[in-house]
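Keeping their order, the protein sequence lines are chains C and D. Mapping of the first sequence onto this note's numbering: position 600 corresponds to residue 635, and the numbering continues sequentially without gaps. Mapping of the second sequence onto this note's numbering: position 18 corresponds to residue 214, and the numbering continues sequentially without gaps.
No wet-lab data here; the hints were simulated from the structure. Take the hints with a grain of salt, since some may be wrong.
[Stated by the list, open to error] So the derived list for chain D, only partly shown, Cβ under 8 Å to chain C, looks like this:
{"no.": "1", "residue": "T215"}
{"no.": "2", "residue": "Y218"}
{"no.": "3", "residue": "R321"}
{"no.": "4", "residue": "F324"}
{"no.": "5", "residue": "T349"}
{"no.": "6", "residue": "C353"}
{"no.": "7", "residue": "H355"}
[Unchecked claim] Negatives, chain D to chain C, calculated, CB over 12 Å:
{"no.": "8", "residue": "K264"}
{"no.": "9", "residue": "L302"}
{"no.": "10", "residue": "E405"}
{"no.": "11", "residue": "D412"}
[Claimed, not checked] Here are the simulated DSS-like cross-link-like pairs (lysine-lysine), alpha carbons at most 30 Å apart as the crow flies:
{"no.": "12", "chain 1": "C", "residue 1": "K296", "chain 2": "D", "residue 2": "K240"}
{"no.": "13", "chain 1": "C", "residue 1": "K241", "chain 2": "D", "residue 2": "K264"}
{"no.": "14", "chain 1": "D", "residue 1": "K242", "chain 2": "C", "residue 2": "K269"}
{"no.": "15", "chain 1": "C", "residue 1": "K466", "chain 2": "D", "residue 2": "K348"}
{"no.": "16", "chain 1": "D", "residue 1": "K240", "chain 2": "C", "residue 2": "K269"}
{"no.": "17", "chain 1": "C", "residue 1": "K700", "chain 2": "C", "residue 2": "K743"}
{"no.": "18", "chain 1": "C", "residue 1": "K204", "chain 2": "D", "residue 2": "K264"}
{"no.": "19", "chain 1": "C", "residue 1": "K204", "chain 2": "D", "residue 2": "K242"}
{"no.": "20", "chain 1": "C", "residue 1": "K206", "chain 2": "D", "residue 2": "K242"}
{"no.": "21", "chain 1": "D", "residue 1": "K348", "chain 2": "C", "residue 2": "K405"}
{"no.": "22", "chain 1": "C", "residue 1": "K661", "chain 2": "C", "residue 2": "K700"}
{"no.": "23", "chain 1": "D", "residue 1": "K242", "chain 2": "C", "residue 2": "K157"}
Backbone N, C-alpha and C define an ideal beta-carbon position, used for all residues, glycine too.
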Amino acid sequence: MQRRQSSKTPKQPLKVHHKNQTDLSAWRKRGTTDPEKSLQNHQSPNYQKDDNNQYSLEQALSYFEKVQDCVSLKKNSVLQKHLTTVESIGLQRGLPPEGFNVLLNVALSGKLADKVNTRLLKSLVPASVIPETSVVSSVSWLCVSKCSSNVQVLFLRWLITVFDFIDHKEKLHALYGFFFSFLQDEKMCPYACHLLYLLTRKESVKPFRIRRLLDLQAKMGMQSHLQALLSLYKLFRPDLVTINLPGKMKTFFKNSEGPWKAAINTVRQRNQENFPVSCPLFLGTAQPQSRKRKWNAQLIIPASSTNKNIFEKDREKNCVNLYSTNESFPVEQLQTFSRLLQNIHRLEFPSQMGSVLTNPLLLHYMNCIKDESIYLRLYYWMGQTLQEECTWCVADNSQYEEEFKDFLETIYKTECFLQEGFSSCEEFLYKSLPLWDGFCCQSQILRLVSWIPLSSFSEMNSQLYDPLAQLFFTSSLYFKCSVLESLKELLQNWLNWHLIHLDSESDSQVHSLNTTLSGLVNTVAELIHFVGRISTVALHLENNNTFLLYFILDFYETVCDMYLRYNLPLLIMPPAGVFYPALLSMDPVSLNQLCYIMYRYRTNLVAAKENELSKKKILQFKFSNKTYQEYNQYVIAMVGCLWTSSVFQKDIHPQGLRMDDELLKKTTVQEYKSSFNIVYHPAMMGYAALFLQQAWPDDTTFNFSLIKWNWYLEYLYAQGLKGLKVFIESSINRVSEASHSNAGNVQE
Amino acid sequence: DPQRTTFLLRKQWSLYSVTPLYRFSDAHLRDYSRLLSAFIAAEKQKGLAGGGGGEGLAVEVGVELDVKVAISSLPELKGSNRDQAAVLVQLSLRPSAFSKNSEEKLIWSGCFCSVSGDDLSENMREDFTCLPLFLANGAESYTAIVGSWFQKTFDCCFHRLAISPFTLSWMAAMWTGCKVDKTASAVELVFSVPCLPQPLDISYAIHPEDAKALWDTVQKTPGEVTQEEVDVFMDCLYSHFHRHFKIHLSATKLVKVSTAIASAQCDGNIKFLQSQYLTGVLMLLTELAISQIQ
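Excised from the complex, chain D in its bound form (with noise of 0.2 Å):
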């Protein structure tokens, strides 16, 4: 059922690597899911009472207690019949039962994934599951826990997964060259100036057909982009720029591109916007992720 995996488009997710997983099972996800929740609560006990007698001392109030954690599979995002099927997690909060609605509200969720990542799971050994990337939409203190609760349980290691300047390039050149049925939105990239006592941000948006156009001129090959024809590219669009604003974007620094297919930012978010591109991108971000853990 490719409406699955449609939770994932248009949210921020926050990207991580992960190690593989130890002794991982997907018969177990129940318990797991049961594990979880315990983890959750006790966590919150702890964070209740400060940390015990003796610690500090400071105590929040008024956060909920009351976590679901369903643990689920999802086979039906993965690249190849290699990878492992993507485990979905979500937090939900339980209706109580003096609020009004009656549902429950999902406060958090968080997908481990691999896309075509034959890299990292050739020849890996059974007792290790490889789902090397890591997306996460919610608050930062879910993440935590239950990054904790899997880095405790699987011996595993999560690390943000950043995109640099250079990945950033090859992501317009490529999402530019891709085809969207409807009237696109513009193609935005953003630089950042280095080196200035305050921060500078550049945002050159292009209308997607003459970015459109840019691009089908200087790729050779359809389906394939190489290196060569991404420096071309950007080169060409610096220059037109360069041209009007007399500023050599080729000295600052990318830090965001959003076009019709997804918007990305090197601090590692990503907002993926066309379910039809969904594998592409997430087969991108795999192959970061697997060379941040080699």
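Bound conformation, chain C alone (with noise of 0.2 Å):
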């Protein structure tokens, strides 16, 4: 069964990049290095604030130490206020772990009144984690009996509510006995039977507990709470359990959730909006539990972990090497930057390389070092949960539209991070483009095209320029400014790529990219191009609008520094389509953007003249004489326009404005050849108006013609117009003022 014809694509090699630059500020290092103290102390934006919360919190603490026994809390005002502060932290910020220690005894000691102590176990909220000993000392107040069965109860709610932050439990399992104890209060049994259901484990199976289970379910009939820690004790004991218990059912406890649920999840977001490092950021929060899905198809970014398999070998190695001190650093410890300087040579990436998408501290790390097995586990990753998760792609998905843009969020800001682009993210782009409808995920999408990473790679046209094009065509006035910002940024971040590369190249590092200089000239040279040809039609399509063509404007903003800015051997002048329409603009601030491009198309056009004639060696790369043509074209129109008031005779350019005078006089308009120039264009006409009421504010005439052009021009550099102070004075010979001028063209 051989296939002659296979429907596979052909192979690229996996591009692996290096990396350039690394973002420092994004990594905003705080005052502490003490993970527990960090939590309530610095992290908002107001120190002085935190400062005091901690200090009132301090003080609360060491007088619920001290408190002695029936203080009454409508007279005690001290009383009062240390309480409040206990809430408000509480209930806000969470407490710290040495906190639960003190508030628990006071609570359960019964000292104060049953009010004061159910509001101070309402506020128990752990910000970490809360200490064993605490909840041990504080059942062995629950066994005396000093407090009433109300806040019993409430205590037993608050350790099931609050059991996953107990920061070990053994010594709680050594306590199994006296919470079975418990089960006898009628009150406190289906807490009881909920917390030991949490606690069970095999060996606490007792052919005496399940006796007692018995007796109680006797006495109180079938019991749903009960029943669901008998069913636990006949899953692990099946031998001692052989009374029949329904078979598979869903067994509920009622909802001891309690007062706390919600404030634990306020302080847990919280604290991870704190701390962008150590949280796995899952997405998804719209209950991910109830997403009846595939089971591995749930976009999650995963957490950073330890690679456990990788230390089970090591630990092998450890047999044969006694010696080795060399024991890797867990990522899980890793919350500082500090901490990754000081461990920096024993740091192993987490087992699943995903993770290091939402943990600054490892890309930084992973800026580093350089190993080929990180980019190529991230490579598989990213791209097959691109593949599986993009809404318009995979049919069902378009209801995670919100999760699948966090995630294209989240690779773009690595991208920014890391400065260079995934080939992962590069090949979903080319493949889902075509299929895009340019609304989905737009701004997300938009965003990591500027990041597609740059290559000779010559199938560019038809992957993204075609698809790309037809959505541009097709699109709103705001989308199509969107691609043409979205495409300068790939234009700036290609260009400085190249330059860090022309840096490095002296440490006879290899293009990882395999480009050679002239394959990435054409490349950029495309992307231009492509740029240029959309940009005429959308002006046609658009009418015109200022609005597109500030955004085209821009990317040529670029585009005419490349050789001096970037030191890319490359300049190429934007087409007719976009020249003209510039130049005949309504609004002063395309003509003044364009004559600050033309001034630097001509600075970095005589510099490269200048390089040329001065290396005596054969340049590599020169720009063709086509170039030069082309720039002294355009100076010729503008001035002619602008200046000289000679472009209908003058232009030279065969899309330009030259026409006879025979057809310009049947406009009909009079003063035909001024009407370009600075004062009677249409961009600067309302300039001309104010400066004439300036400077004779009783003419009413508006006799454009008593303007001397010599303060006019001062009073136009005043208005801000800098683009065109540039331009004439460096493209104009002013040899007598407001007379006959020449362009100063740079000459062949």
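Assemble the dimeric complex from its two separately framed chains, guided by the hints.
The following block contains the structure:
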């Protein structure tokens, strides 16, 4: 069974990129390195306020530590104050581990009124963990029955809710018998059952306990909580529990989440916001459990955890080499930048590379070490996740758009941090853009486009430009501007990449992208020509819209400076379809922008010419005569337009403004020759009128011929038309004032 | 021992593609069994406690806890010498002291394999193991647990491997042409009619000898199949159907193909029926899995 023809696509070598730039500012270093204190201490932007909070909490704790019997809440304002402090801090930011011992002791000792105890218990929300010792001492208070039964029940409910926050549970297991004895209390029984359910291990199941449970059931009837505990016993020791229990059933404990659940979530969220480093990002907070999807198709970025598998192997190695102290540092403990620096030599990447996306410290580490397998692992994970979760490529995914958006956003942020694009993301874009409606996750997709890596990949045309152009022409003005913006960023990212690699060339680094300079120049040129084409069409479609023109000219502001700013031997002039709409624009902003761009082209071309002349050796790249010609044509048109009022005669560009006098006379416009100079140009007329008003306040005839160009120019420069200033100063020889001038062209 | 691969026959397997496993080693299979077994126990416990104190409190009672894990190498299952040896994962229930029969009961099996998967394994770095095709048989909850453990431990991704109608038509043609000794079962194609308020499936069964005769007239070079031949074969079947029922099957979606060799469904389930063609089918599936990964 051989197939002659295969459907698979030709293989491409996996691309692995070198890392260029580290954004240290992304890691905002925080005050202390003590993870516990940092939880309640210095996370808020308002340090002063935090210190105050910290201080008043300490005061409150020391008050409760020493408080004497029978203090009445009503009469004692000090108690009131401290109680409020504990409540507000507990519910908003959670209490530090050391607070639990004090507060549990006082709440369960019966020293204070029940009302106070209840309020204290209700505010016991952990910021991080609850020390097991504090729970053990509370149980001893419970056994001496100093507090009321309501407080006892409330305590058990609290214990069930915060069970997962207790740091160790060994001693708690040792108290199993005590908890079991609480079953006798009718009020406590359901909660004690639930707690026992959480604590039960195989060894806890004893015949006398089973008998006791059966007795209770006989006495109280079929209670769901007793049944649940019995079923668990039966599960562990089917030999001991021989009664028939309903086979497969869902058993429910009464809702014992109590008043803490909401506060715990608030505190957890708050701490997560403040801890971008240590907390795994779970995308899709909207009840991920209720999603009836394939087991592996949840869009979750894995949490950083140590690779236990590698641990295993290391241990074996250590057996051989007993003197090896090369123990790796678990990523879970990597909380601060200084920890990273201290342990950078013995850090292991997490077991799932995807987790680095949400961990800036690991991204720093990734930036420092060169290991191809890191990128390969990320490549597979990201490629598969993007492919499976894409909301427009996979039919049933449309309801999860928000999650997918967040995921794309995270990838984009990572790319910005690493200053490089992921090849899996690039491939995803090529695969999914032809199917994209241009609407779903719009800003995320367009931002990801700006990080497509620079390579001499010749299929860019069909993979990126064609689908993008189709959407571009058929979508709104806003979409057009967004596309242009992201293509400008793409160009800038490529140029930055080129600049950095030019610097590191001396390190005899092999270009990881396999690009030669000529391949690179071709790729960049292709992009600029593409933008030129779509810009020309878009200006037609949108009727030379000023907003659109701004984005187009913004793109060319980068293009015109490529030689000097980015050391790339390439300059490409804008097409006539962009140049002339800008030159004849109704808006001074566009005209000014065009003047600035032409000035930068001039500066770059002059510099290139000088380099070419001064260097003896033949340069690998030099600008073609065509570029100089195009520039000269444009400058002639501009000067003829704005300055010498001779554009209709002198413009030699094939798509330019040259027109016969006969034809112009038919328009019946008087003074048609001067109608586009800096006074009469529709974009400038407003300035001219204002200038006239200021110079001759009494003149109402708007006699523009009164304007002295020298003064008028000074006025225009003062109005902020800096682009016009640099253009006129560089490209126009002002022989005599306001008279015929020659364009100072860059000569071939 | 070719007998070792017969366990794959006559069972329904769910297909997955798996990205290369990072730092997986054949030498540690015993350790992996132990770790996976601990992981399964922990997952079961978690399920029992309902996610801890604060979380959802639904409790399921009556699940078995005592699962034995066996991970073994299956070097018989490969296409070329460059393929990695397949890895077989088996979960079975330990006999409890109180049940009557004392045999272990196999409850789930999964198999990672690569049959002529050179496209992926060529030039792959040493610390990656390429076993791009994963087959699972048994409760999906176990697939989920085992899959999660592999994902966590070897940083790989699992994804369901759907079979497109295009590929199904290839399978129909290729498998029709295969020689089978004993009286073969019918070639059956199931088509699903789109855009209807109620789902409507059309089953098209052809006598295997008729199908084979048709294919023999279409195929030019024995042992080779081309896209053109597949198209002609399917078109012939479509026009025959149209002549009788006036229904254009080309406008429907091919969702299932059953032949004497194997039976495959578009949702990514397969049943192997002939041991002599097992490697051939697996080779095709490996190729599909690789194209999903790359």
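To see whether the hints hold, each was checked on the structure:
Interface hint at T215/D: satisfied, since its Cβ lies 4 Å from the closest Cβ of chain C, which is below the 8 Å cut-off. Here the hint on Y218/D is kept, as its CB sits about 6 Å from the closest CB of chain C, short of 8 Å. Given hint, R321/D at the interface with chain C, holds; its Cβ is 6 Å from that chain's nearest Cβ, closer than 8 Å. Restraint check, F324/D versus chain C: the minimum CB separation of about 7 Å is within 8 Å; hint holds.
At its closest, the beta carbon of T349/D sits 5 Å from a beta carbon of chain C; the interface hint therefore holds under the 8 Å criterion. Restraint check, C353/D versus chain C: the minimum CB separation of about 4 Å is within 8 Å; hint holds. Taken as an interface hint, H355/D checks out: its beta carbon lies about 6 Å from the nearest beta carbon of chain C, inside 8 Å. Residue placement check: K264/D keeps its beta carbon more than 12 Å from all beta carbons of chain C (closest about 17 Å).
The beta carbon of L302/D is kept farther than 12 Å from every beta carbon of chain C, the shortest such distance being approximately 21 Å. The non-interface label for E405/D is consistent with chain C: the shortest C-beta to C-beta separation is roughly 19 Å, beyond 12 Å. With a least CB separation of 15 Å from chain C, D412/D remains clear of the 12 Å interface cut-off, as annotated. Simply put, K296/C and K240/D have alpha-carbon atoms about 25 Å apart, close enough for the 30 Å limit, and the pair holds.
With a CA separation close to 26 Å, the supplied pair K241/C and K264/D stays within the 30 Å bound. Under the criterion of a C-alpha separation no larger than 30 Å, the hint pairing K242/D with K269/C is consistent with the structure, at around 17 Å. Taking the CA atoms of K466/C and K348/D, the gap is about 27 Å. The hint holds against a cut of 30 Å. Simply put, K240/D and K269/C have alpha-carbon atoms about 15 Å apart, close enough for the 30 Å limit, and the pair holds.
The hinted pair formed by K700/C and K743/C meets the criterion: a straight-line CA distance of about 28 Å does not exceed 30 Å. Between K204/C and K264/D, the direct Cα distance comes to roughly 28 Å. Compliance with the 30 Å bound is thereby established for this hinted pair. Taking the CA atoms of K204/C and K242/D, the gap is about 16 Å. The hint holds against a cut of 30 Å. As the CA atoms of K206/C and K242/D are separated by approximately 21 Å, the hinted pair is consistent with the 30 Å bound.
Our distance criterion of 30 Å between C-alpha atoms is met by K348/D and K405/C, whose separation comes to about 23 Å. Only pairs whose Cα atoms come within 30 Å are accepted, and K661/C paired with K700/C is rejected, the gap being roughly 34 Å. The suggested pairing of K242/D with K157/C holds, with an alpha-carbon distance near 27 Å, which does not exceed 30 Å.
In this structure, the one hint that does not hold is number 22.
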